[in-house]
Amino acid sequence: MAQEKQILFERDELLRAVNRMAHEIVEQTASPSELVLIGIRSRGVHLARRLARKVEEIAKITPSVGVIDVTPYRDDRARELDSRAVGAFEIPVEVDEKTVVLIDDVIFRGRTIRAAMEAVARMGQAKRILVAALVDRGARELPIRADIVGKNIDAGAGRRVNVMLEESDGVDQITVSDW
Amino acid sequence: MFRRNLLSIADLTNDEIEEIFELADAAEKLGADKVAGGRIMATLFYEPSTRTRLSFESAMHRLGGSVISCSDMKSSSTAKGETVADTAKVVSSYADVLVVRHYWDGAVQAMAEHAGVSVINAGDGSHEHPSQTLCDLYTLKQEKGRLKGLTVVICGDLKNGRTIHSLVYALARFGASVVTLAANGMELPQYVLERLEREYDYTLAPVATGDLKAVVTETDALYLTPKQPHQLALFTQLDPGLQTRLDTIVSGLRYDAFYMTRKQKERMKEGTAGNSYPTIGSEFLREQRFKNTVVMHPLPRVDELSPEVDKDRRGIYFKQAAYGVPVRMALLKFLFAQNDTKRAGVKKLPTWFESPETLGPQCANPNCITVTEPASARRKFDFLAGGPGGALILRCLYCDHRIKVQLVGHVKSKRYCAYDIALSDTIKDWFENKELAIFDSIKAAEEIGYEPYKSGPQRNIMDETAIENAVRDIARQILRDCDDPDRLLVLGIRSKGSYLAQRIAAELAAAQKRKIEIGEIEIYGSGDEIRRLFRAEPEAGPLNLKDREIVLVDDVIYTGRTVKNALDIIFRSARPKSVRLAVLIDRGHREVPVKPNYVGKHIPSSERERVRVKLREAEHDEKDKVVIYSIISPVEQQVGGLG
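For the protein sequence lines, the chains are A and B, in the order given. Just add 18 to wherever you are in the first sequence, counting from 1, and you've got the numbering used here. Just add 104 to wherever you are in the second sequence, counting from 1, and you've got the numbering used here.
Pulled out of the complex, with its shape left as it was, chain A reads as follows:
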């Protein structure tokens, strides 16, 4: 049976949203040279790379891009005792005294971002941490905010928001579907 699927964002709208987010990132950073983008695996990483290119166009400075894999930090997983095993997929970047923008495709309950903040602390002492998400679904379970949002979507708890990106899915699109 075909899934009930509704397209919320086509390619053009998605690109515009990313563009706007890049501008907001630049605006919210005191000095572009202290900017570091960290993508949360895996679509957050694609977004981070796109945003880095946009920021480069706007501010003529290429921010470094790091990768965080929150699976080992997520609270819904059994805790791993060996601290060295954590973050196997990460690409660490220098965050000391930097403004770090954590980037994910969808922010929802806030648990991923909380875990990502813990991962940032492992890399160093950031001056400031901001959150940028293409989609904010609301319905937070933790007191975490998104500073920069592409689109707010109130999809309802039982539905799924899918962000598809060319890098991983061959198409730029945001859809809402039943599970």
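Treat the hints as calculated values from the structure; they're not laboratory data. There's no promise every hint is true.
[What the hints assert, rightly or not] Here are the simulated BS3-like pairs of lysine-lysine, each with C-alpha atoms no more than 30 Å apart in a straight line:
no., chain 1, residue 1, chain 2, residue 2
1, B, K729, B, K516
2, B, K263, B, K245
3, A, K145, B, K484
4, B, K699, A, K169
5, B, K705, A, K145
6, A, K145, B, K263
7, B, K263, B, K423
8, B, K518, A, K145
9, B, K415, B, K252
10, B, K699, A, K145
11, B, K727, B, K558
12, B, K705, A, K169
13, B, K699, B, K681
14, A, K145, B, K508
15, B, K617, B, K681
16, A, K72, B, K263
17, A, K78, B, K263
18, B, K484, B, K516
19, B, K650, B, K619
20, B, K650, B, K617
[To be verified] Chain A stretches covered by chain B per the calculated footprint, using a threshold of three residues with CB under 8 Å from any CB of chain B:
no., stretch
21, 111–123
22, 139–146
23, 155–165
Ideal placement from N, C-alpha and C gives every residue a C-beta, glycine not left out.
Since the structure of chain A is provided, determine the placement of chain B on it from the hints.
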């Protein structure tokens, strides 16, 4: 009793390193003389190791000594919760030397402080691995006949490689030049570069160049060189004119060695970084200018080093591994001899900072022993003056991590203020008189009764009635959002958050006609961080956080870091159903993406101002109120007083 440890390569002078090398040259004789006869070495490895452990054990056996070890430290008493300090004390009575590898930065130093015998660091977290460095230096010296004046290219993961940091310092001490070729995002940490500049008088010139061939063409490389005698030392900044000259000079250099590090495959699956990890194959080495360039690698290798290099005379990494045994034999002999001479402690006492107050600065490295197991290591710091913008920097004595001093306090007058460069002389006096306190946050300072240096009249922002109304309003909103009052847990951040939590819980209890569980969370403590507040249920067991609807309560939210720490502590112990945040005052200036769900009052404030919540539970003679005033430093206060 005098005993020598090897915790960092800095524990050995250049002469001592040379002495160890001479002993290593005569390793066969050391073996024949059975210099470790009757002695026992204990190997404690909290992390897996093949080469380091086996070569230490082999070295000890060859010296005629014996070895005891625990095959898996994790399954031993550690699993029962024994601290590393206790393990060190206990094992000291079984052996004459401990060889330790641990996954926490600084853990081996903490063990050395508690052990009664010599301790050798066989790798602590991502901090140091000095015996590997000795082997690397020895190999280089064997191959090249000297260390001074060599140019060594270091490639790969330079950020996390503990061997790399030790090696770079050691090369600097012997006057070798270093070219670094980091994989994307794995550059040598800034503090390593700064230490090279400061302590070894090195200057770095960036050479614009992307993969290993870059040394020849174009890549991102850092060229580190001793200030003398190289002229290159003058080039600290990159401009287009210099660039061409620099390239010419750099490409004209002779490279004596390539030091490769392991490509950590698991890190590379994603994205572009995988493509930029430097690799070496025989084709590369065919170039005339690499004719005498040896290739080293601490092993194990992945695919950054082609097996065809094995057959090349310049591929010396298996030799390098083989030198592990004689060098470690020499090291053991050296330490035994030092201990036996029973020399008076010539080590001068370092002047470090240890907080005179119960709350003080915390190391920002979450993997540091002072954070992971404070019972084994009291926090101690060095001062490093002259950070960016005149910042005062503390260096953790266990893991070398640096933290910026935010707030300083005067122990006698119990006053605090933000650190400012204008205060540096004052601070020096305070430190020398043991009157200096340092705090990570205003909350910590005020928790132990420090008052800010202040000026100007206070403005009242909220009075007793306003606070009471705000508390009632917050309680009403909590009930509105609550799915299941049975799961509700009001958790106050100590100590003002706890008082507010009790007031909110009282409102909730009155509205719901039932008991509401209250807990308290301590951000700066160590050990028992979340506890039940006695008023809730007198004889109940430990507080259960799992699947609870937690309402976290604090008086003021500012940067948001306190709340972030509270969330870390909560999630370390259990997974709640949800956490909502209630604060009496939100004054803005967030530094982390934390947002309160319930706010009594928003107060726009400047960073030079202080918002203070006064509650009758804390200040017995006063009524509830919230005040705001500006903070000034003691220096400004003096100037103001004179004017």
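Which numbered hints fail: none
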